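Enquirer: In case you want the letters, here they are:
4 protein chains.
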Amino acid sequence: MERKLRMGMVGGGRDAFIGGVHRMAAGLDGLIELVCGAFSADPEKSRLSGEDLFLDPERCYGTYAEMFAAELGLPAGERMDFVSIVTPNFLHAPIATAALDAGFPVMCDKPMTLDLAEARALAAKVESTGLLFGLTHNYTGYPLVKEARHRVASGELGAIRKVVVEYPQGWLAQAIEKDGQKQADWRTDPARAGASCCMGDIGTHAENLVEYITGTAISELCADLTTFVPGRTLDDDGNVLIRLGSGAHGVLYASQVSIDEENDLRIRVYGEKGGLEWHQEEPNTLLMKWPDRPRQVLRTSGPTLSDTAALHTRLPAGHPEGFIEAFANLYRNFALCLDCRLHGGEPEPHYSDFPTVWDGVRGMAFIEAVVASSQSDQKWTPVAS
Amino acid sequence: MERKLRMGMVGGGRDAFIGGVHRMAAGLDGLIELVCGAFSADPEKSRLSGEDLFLDPERCYGTYAEMFAAELGLPAGERMDFVSIVTPNFLHAPIATAALDAGFPVMCDKPMTLDLAEARALAAKVESTGLLFGLTHNYTGYPLVKEARHRVASGELGAIRKVVVEYPQGWLAQAIEKDGQKQADWRTDPARAGASCCMGDIGTHAENLVEYITGTAISELCADLTTFVPGRTLDDDGNVLIRLGSGAHGVLYASQVSIDEENDLRIRVYGEKGGLEWHQEEPNTLLMKWPDRPRQVLRTSGPTLSDTAALHTRLPAGHPEGFIEAFANLYRNFALCLDCRLHGGEPEPHYSDFPTVWDGVRGMAFIEAVVASSQSDQKWTPVAS
Amino acid sequence: MERKLRMGMVGGGRDAFIGGVHRMAAGLDGLIELVCGAFSADPEKSRLSGEDLFLDPERCYGTYAEMFAAELGLPAGERMDFVSIVTPNFLHAPIATAALDAGFPVMCDKPMTLDLAEARALAAKVESTGLLFGLTHNYTGYPLVKEARHRVASGELGAIRKVVVEYPQGWLAQAIEKDGQKQADWRTDPARAGASCCMGDIGTHAENLVEYITGTAISELCADLTTFVPGRTLDDDGNVLIRLGSGAHGVLYASQVSIDEENDLRIRVYGEKGGLEWHQEEPNTLLMKWPDRPRQVLRTSGPTLSDTAALHTRLPAGHPEGFIEAFANLYRNFALCLDCRLHGGEPEPHYSDFPTVWDGVRGMAFIEAVVASSQSDQKWTPVAS
Amino acid sequence: MERKLRMGMVGGGRDAFIGGVHRMAAGLDGLIELVCGAFSADPEKSRLSGEDLFLDPERCYGTYAEMFAAELGLPAGERMDFVSIVTPNFLHAPIATAALDAGFPVMCDKPMTLDLAEARALAAKVESTGLLFGLTHNYTGYPLVKEARHRVASGELGAIRKVVVEYPQGWLAQAIEKDGQKQADWRTDPARAGASCCMGDIGTHAENLVEYITGTAISELCADLTTFVPGRTLDDDGNVLIRLGSGAHGVLYASQVSIDEENDLRIRVYGEKGGLEWHQEEPNTLLMKWPDRPRQVLRTSGPTLSDTAALHTRLPAGHPEGFIEAFANLYRNFALCLDCRLHGGEPEPHYSDFPTVWDGVRGMAFIEAVVASSQSDQKWTPVAS
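Protein chains in written order, with the numbering used here: chain A, 1 to 385; chain B, 1 to 385; chain C, 1 to 385; chain D, 1 to 385.
Just chain A, with the same shape it has in the complex (with noise of 0.2 Å):
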């Protein structure tokens, strides 16, 4: 690259908590700069928002509209490169189709959309503009996520016959969206959520880390999808049994009420040949299963790791990389594919590694199914594909 990326955002104001994470990972490689943004509904709260991150005034805008019109009348040399979205769901699909026509490539969070056809509607959207669409299903970012995802698609393990992943949570045990906790009220309304609290904010996460790793789609499930908290509309907790295309059975729940638990995202997989666990919380640790030898424990930058591995990775073994981390890998490897398209040249493969378009389709088929899933009492429900 000869020169920084530049990034405007929407969404991510004062008081917001992903966008700030997205600042920090797209900068943290220094291959990306913050120019301009859109961080706020309310102008005024927009403006100061950029006045904390000692943006030109300028550039701190009232809409993404505006945003999008005034950054197209800046030169080419100043203009920004490419729109990040981490606005809360309902706002996905909009604010990245106008970005998509309007010429920018886009890096959107998760979940992609309010539903499956909407997600669909983006995908076409993305297909047809050719641009370049990344999504932040940031837990495949994890060098040894990768490291899992290389053991299995070279046979390491033999035919996967067994998938367990788990993400509980417990930060909505009670109903703090009442309260007026922000991350809890718009999780928790389905004008602004979509169809599914808990399936939809950190199930996908799940079911996107099973099809990476596993390099398989889910292709029946069979939910029980519960809201515990009183007053809520939204699912807060969810139990799934799955299948995989390849024949692979598996367990996949996430739970919102699951007091004290954090972040704590865990998959299994088993095969003929052997098996792997890794944890989120724990993250530069990945477990490997053998039928007759030792458990070995291959750690992040440490021996016997693939190239994939080595090249998501910032430091020596022991000196824990975490959460923002993974989060720029997905960043470094979008920033890496757009210089290529902006400035020619092919990126190297491994960079070309980051969730697109079609994980967000994934995703909104897992969601609407297993909402369709609990609400039936047929055994299976299949997951478009």
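No lab work stands behind these hints, which were simulated from the structure alone. Some clues are possibly wrong.
Any copy will do: because identical chains look the same in the list, a pair fits if it lies in one copy or spans two.
DSS-like, lysine-lysine: derived pairs with alpha carbons at most 25 Å apart [what the hints assert, rightly or not]:
(1) 4 x 178
(2) 273 x 45
(3) 182 x 273
(4) 178 x 273
Just so we're clear, the structure is a prediction, and the values are computed from it rather than from any experiment.
For chain A, the structure is supplied; the task is to place chains B, C and D on it using the hints.
Expert: Only chains B, C and D this time, still in chain A's reference frame:
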């Protein structure tokens, strides 16, 4: 107690596995002595097995029928006081029935019978004879499992919302029954094991643990059982959605093809006010989870445990107690209760706590329900109560 | 063996701690039966203790001298075969000497004597009588400790460079001996415990573990012992730099004032080619460390263990074996060796492995050296060999 | 702050390790931007390194002297605000001195200088210039290390009795410096590293962590340093008995030959009323230990943490923060304090907390003491204060 209780054993000859565990467990506290046995269907092997155990050759019998008859002929001060049954599943009911008919109390391995009808008949027999009957669902013998039950019962966690119980093993990931592995051989044979391999052998332990700790029965379930290893008739893996009578939802899974998992029974229970987690492979730790204060690490013999945990512990904290000690707690309690039956007195209430014939009935109802559910297109199958 | 070996016990009456452990350990494998005892200096308490254990009242003696005399008077087929000594330290030497003089083999608790001179005299007595003598440095009874020793001996780790052994406990962080806690009372009393409390009671276990696993003696050391709790005479904490005869350097520390540490004996050994780590509170795991391949998690009963580990294991992997089972391995081996002495035959070599009077001499030399070093201004103090 | 602070860097060119960490850490919060550098003693390499970082080629200097002169010539609104020094040890003092003389505040890597005399001279220079000086003892940047310090300071643990700090690494177990490994090359060279390799590079981190958490200086020590790998001059392993001014005793060890240990800094502190434990490789957990209630597991962003921990945390609980985030806390605090110096205002007290030149003096006094002690026959060596 004034003297040791005299135990006879059926099964558990040379090459058996669980018989030796029963003997170590029964003997650990010095309350029970083995005095006779019908250790094998092969009379010579039975005799040799008794010789290994320094038994009087006169009391090493060729068949259980012979043993019951001969022991009845001995004077009251010599005759065995109860029978321990450690054969493969299909022999449990006939032997236990014969023992009860002969007037001998019974300690029986699990699963209790071949099917639910047999289990109910055995329960009726126990009721009609009024004799003591114990079942070795041994995991409930751990002090911290008793603590977990106590904490739920005390209301400390509030109403239970979610239960996750997992029991992966890997030892049947290949068809070792074809190589003459004796433990695998009968467990994969419907004639000797019953309608299920994985769910019968270990799924019932998971079911028993859930019901013991929560104090609530699984009321309905949705199961996906699989036979992964070619050539097998019975399941070697199963995933189950469960609902408890109390309104809690959960997941139960068991597996014998999860490579390199040893005996990884693990349970997490979450209520409205707190949660807990226990793991059989590190049985001396119980995690307590709270919404507003740090996680607590309870330890066997540690501070703030209940009386019931303390009364099932033999060593100071940090001196690991394991599988045999937990198993021995069942025999210890059974012995203390039996002694009261035989010689008068009331057992200390904490010592009345061991699995009974009704736990066996529950287990067989669970097996019958998971097998039926797995073959059904209907989502929920009730568990007979 | 043709019959159980008959054990007599000195000490271990009501209220004692370690006597019960010895009895459970001795009885676990069905090779030893307790037939008599002098359980307390108080004859009535001795009698009541024997009654608790269902012993013949005739064989519950008021003193050990009485016991040795009376048992010698019994016919060979009835008389006890050996003595187990479980009293406070200061009584070990006189009782063991008397037992050996009376012709009885001895299993003795540790530390072996009050001081090094006494230890050497006892060793001379063992040598001159030619009788079997075992010492319960029980931590070497764990299967994975034996595996660790085997791995070092095999050369797999290369020449050993560094050893770190830690033994923190917290139970003496307050002056509980003033409240009549019996275990604390004698351990903090020089007349009954010897020259050291912390280093005598648990530091010697650490020393023994280092020397057992590395196969090398500590040759010199530099100690800083402290008495933290006011009113005590003896150390309740100590830090020691150690050097081994082989050229390895290391750290050994023990503490009884490390609050909330239970019995946290832990050892790490590093050689030129690899390392290992073992932790008593999770005794069924042994970590193997390599420069160029992933860490391995060895497990009791897991794949690739040596014969010696397998021969000291009773259960399949994942069925936790603990403190009592490890302790029982010492008694089992002692019994098998004693049986060969009594009835001819050669013990299986792996079964000859239990701590002897020479381990006791090493332990007393270690205590003497750490106490001398702690009082010295000189950096290094040799350990007598 | 009204605008980002402008940072210049000395060292950290292509192939360097720690320079990249400093850049990621400095940039993480968007408060600091890199504007210039003298990245290498080789001017061409310096230029290329700057190009990699998208810097203005005019501000990629061939030497630090050139950089200081040129930057002084720039207008106040463009000129760099401070210098980050990330060279090998022997260059720290001359560069820092020159920077301070030129009026630039300094952020410097550790150990601070080549020896204690140089450290004292640098401290005097800092005092005389009155300029801000930070030292990257980065492990004190972790939120739970700050929590640990807070807990000790609050008196919750009572008077501290015992400290155990361990820092094993394995990367120098072979003579990789002979194969041109650049990091190993200068660290094993007395001319560039100073009087110690292992104790200088990582032992000082352990010393700093002890003194930071306990708030007390190590007053005397007894060290056994070893050079295990043939051909080396400096120590690659060391064991140290320590005594703190407050009366606490302890153990400090560091090693670079502990095979397969990554960066395993770990500390345990025990007081009269409680204890704590923290481990750098799992930095989001802090264990609290009590005599009479269960161990508590504190977690980054979890309940009941102090303000200081919260103010050094960026993400919700369960979203792992790692090495870079902790390192960034030093830069963030340094930047906020520097901004107040430059533009007025008082920093929030929690943000004044970063290691200073006096931590560097302590570190050099520690190195001098351990090296002297290791060569001495005298037991205790005082640490200069």
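Enquirer: Next step is simple, just say for each hint if it's right about the structure.
Expert: Cross-check of the supplied hints:
1. In this assembly of identical chains, the alpha carbons of residue 4 and residue 178 never lie at most 25 Å apart, being 43 Å within a copy and 38 Å across copies at closest.
2. Within a single copy, residue 273 and residue 45 get their C-alpha atoms no closer than 56 Å, and across copies no closer than 38 Å, so neither meets the 25 Å cut-off.
3. Taking the closest pair of Cα atoms, residue 182 and residue 273 come within 25 Å of each other only across two copies (23 Å); inside a single copy the shortest separation is 47 Å, beyond that limit.
4. For the identical chains of this complex, residue 178 and residue 273 are inter-copy neighbours only, at 18 Å across copies versus 50 Å inside a copy, given an alpha-carbon limit of 25 Å.
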